[in-house]
Amino acid sequence: MARLAQVRAGEATFVERREVFQNERGSPLALESSGRLSFAAPDTFVRETLRPRQERLAVQGNQLTMSQGGRSRTTTLDSVPEAVVIVEAIRGTLTGNRELLERLFVPRLSGEAARWTLELVPRDARLRGQVAQLRILGAQAQLREVQMTMSDGDRTQLRIEPVAP
Amino acid sequence: MRRAAAWTLAIWLALMALAGLIAARASYVADLSAFLPSAPTPGQRVLMEQLRNGATARVLLIGVRGGEPAARAEASRRLAARLRESGAFDAVHNGETGGPQQQALGRLLFERRYLLSPAVDAARFQPEGLRAGIDETLSLLGTPAGAMIKPILMRDPTGETVRMAEAMLPAVAPRVEDGVWVSRREPRALLVATTRADGDDLDAQAAAQQQVRAAFAAVAPQAGPGLQLELSGPGVFAVESRALIHAEVDRLAKAGGAVMLVLLLIAFGRPQALLLAALPVGAGVLAGIVAVDLLTGTVHGLTLGFGTTLIGEAVDYGIYYLIQARALGAAGWRRQHWPTVRLGLLTSLAGFAALAFSGFAGLAQLGLFSISGLVAATLTTRFVLPVLAPQGSPGLGLRGPLGRATGRIAGALPRLARPLALLAAGAALWLALQPSPWRGTLAALSPVPAEAMALDASLREDLGAAEAGVLVAIEAPDEAQALQRAEQAGARLEALVQAGVLAGYDSPAQRLPSPSAQLARRAALPEAAALRQALAQATAGGPLPAGSLQAFVDDVQAQRRAPVLTRADLAGTPLASALDAQLVAPRQTGAPWTALLSLRMTPAAAADPAAAPRLDQALAGLPDTRVVRIQPELDAIYAGYLTQARWQAGLGALAVVALLAWHLRSGRRLARVLWPLAASGVLVLAGLTASGQPLGVLHLVGLLLVVAVGSNYALFFDHLAATSGTAPADGDDAQAETDLLASLLMANLTTVASFALLATAQVPALAAVGQTVAPGALLALLLSAAFVRVPRRAGV
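Sequence order for the protein chains is A and B.
By this note's numbering, the letter at position 149 of the first sequence is numbered 159, and the numbering carries on one by one without gaps.
By this note's numbering, the letter at position 273 of the second sequence is numbered 997, and the numbering carries on one by one without gaps.
Derived by calculation from the structure, the hints in this document are not laboratory data.
Just so it is clear, CB atoms sit at the ideal spot from N, CA and C, and this is done for glycine as well.
Keep in mind that the hints are not guaranteed to be accurate.
[Claimed, not checked] Only some residues are given here: those of chain B computed to face chain A with a beta carbon under 8 Å:
1) Glu860
2) Asp902
3) Glu1203
4) Gly1228
5) Ile1354
6) Pro1356
7) Ala1360
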């Protein structure tokens, strides 16, 4: 955690795979996307999806901006609790904000510095009804993978590849 | 003579009874709108609509404070449920989602989504558009937003539901924790309730507020310990202002009455005289209320508060008569002193007449009340008191010593004339060098205390409903055109958002597209066969097979016949209160509809003076569309108010001078009378300026009153100086003069006392008048005694 708090800025590429169960029958829909992630202390986080279509999600402080297909909407992050869970799981981990993570989640850290796993379960029962659990896998001060399990069984796996500065 | 006297009394009593009846049935109000201009500019009209409009004025802001977060959230849910059940509220919002009302609204919007979604046009249903829509929707699956989409994916594969939600997404919304709105800074949960009752129905507003308090008292103990209720909003302000003004008027009337009682007892030493002296007061107050009610329709609470000072002035007339008639008899008094009293009345009337013609209903009421009150009080003194007490009042009270003391002081004061003149000149010079103290604001007229304003601002900030700084106001003959013009303005504003001038804007058309936009979308919906064909192309190779999307094709077909959604369809839904505040229906037939778009400037643009003209340019040429900058408009209202009041006060003062000149017919005597008045005005103004408080319209009214009231004193001294030179003093004259001085002092003390009481009022507007007139009247008396040199005589 202390080491994470020293991260000032970073760039990475990502590949995301989602498994979405449409209904009781049939195999899950598999969706893949890729793009860039960037972070700048203290609180700016941008996820830019390049494939299959351009999309941008930027968080700066409490301001959430979503852009796609030439339109852009801004709102306050903390008025959308579902977004808070996802953004803060990553941003809070990157900034090593233990107090924030413990307020929002029941965290469980395992492994060692070279390969650690942080399990985050939302404290709010209402939110657990949507996002069941997040797992963040890391090595030293780097995030390498974010796994999210929705309460209906949908799964998302985000692999992160740091770009050397 | 006896018969004439009986007739006089009978007529007077009948008039008073009639006035009492009218006054009892008059409607009393206490809102601030009386102090808004009656002939506003278009920008001001928008503001006043905002202040008076149903939707905005019906909002109650509720905070649940203290205790544990979980307890606050629980209390918020229980309170909201209870208020929704009560039936007294059109809507109660606390951040909870998924309630039955919201679900019903969701279904309604879903069933018209192809008319409402901003993404719908003919291209949307070509293979390319379908593919883009489907791809975008798929990209949300597997995220929390996807959880909402998944159940409707096959009916809405292009994500029109998401696009509608996106269009309505506010740029600033309250923080949500534990499923309810909470403050970002304070330990507080937030609710917003819209009362069913109109904003100007204060009794119903008070009842609704009481309902919130009772509901909170019932649910708070179940939720947890340490919870408190916070309540604000226009209705709360209005109800509390009314209560405050009522309490103040009551207090002032009682305290004023008590002070008069004591002074009259000192003056006469017998209760009979007291009753007599109260008659002009009663007549004056009744006449004031009746005149204001009959001519303006309502009586403002502030007018009544101000009216209590009439007690102090009207009682003067009674005192003058009862004391002076003792030596001269009624006929002698009419001959010798009535002309002076009449002149005093005329000067006061000249002062107030300027106010009565004010374009601001509040000021006009003050003027009207005072004019009719003073006339009634004077007429009562002139015609009724001589009937009831032909020889004045026999009681002497402490008048002998009072008169002699006044005589000694009056004799000593002229020695201070030079230092006082120097002081006044110095004060005038100092004033000329000071920055203008006329910095009062419209808000300073409001009796709402600063803490209540701070609570309101803090609740609004938490809710993201801060008073908008810049609005675009659009007028149109009907709902459909108002929305259409809002869409046209929105298109221009969108360009400014892209250019970084605006962070965003809220438009009613984002919640409810205009009928023409809805019809255009409906016309773009394809027939089933064409849609199926395009869909087959769009989904080829994609994860959603066209065959599974039959429900989508059916929905599109169904909505090709769907009626357009209007404001009436949204009545009673959670969208209604927000929409009603943005799309304002006319209050009377024939008046225009108004669409209000609130703008959020980016911080950079807000600091850049070049951004403002860009906004005006962007909207140029749109019909009946104007940019309204709230604070400058409010400042302009007040500046106009102040300018107008200055003109009126100046004209009033000029009328007083003209009257005096006509009566005195001597430049030297006119100067002698005006000197003390001008000097008192300057000294009071210097004192107020030195106190550092911003001065406003009511200080100006106060200064006018100083001139009107003070001229009476100066005239009396002038009268003394003019007569004492001609006739040699005998015993009776000496007694009459002592009595005259005593009556002057008594009259002055009652005036100063009643205005000093007013100065302690918690209603700033009333306090301002009191703080100006109380010292001003006292100074006017002292300076008159100092500057008008009365030849000294033995025995005085």
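### Query
Looking back at the numbered hints, which does the structure fail to meet, lowest number first?
3, 5, 6, 7
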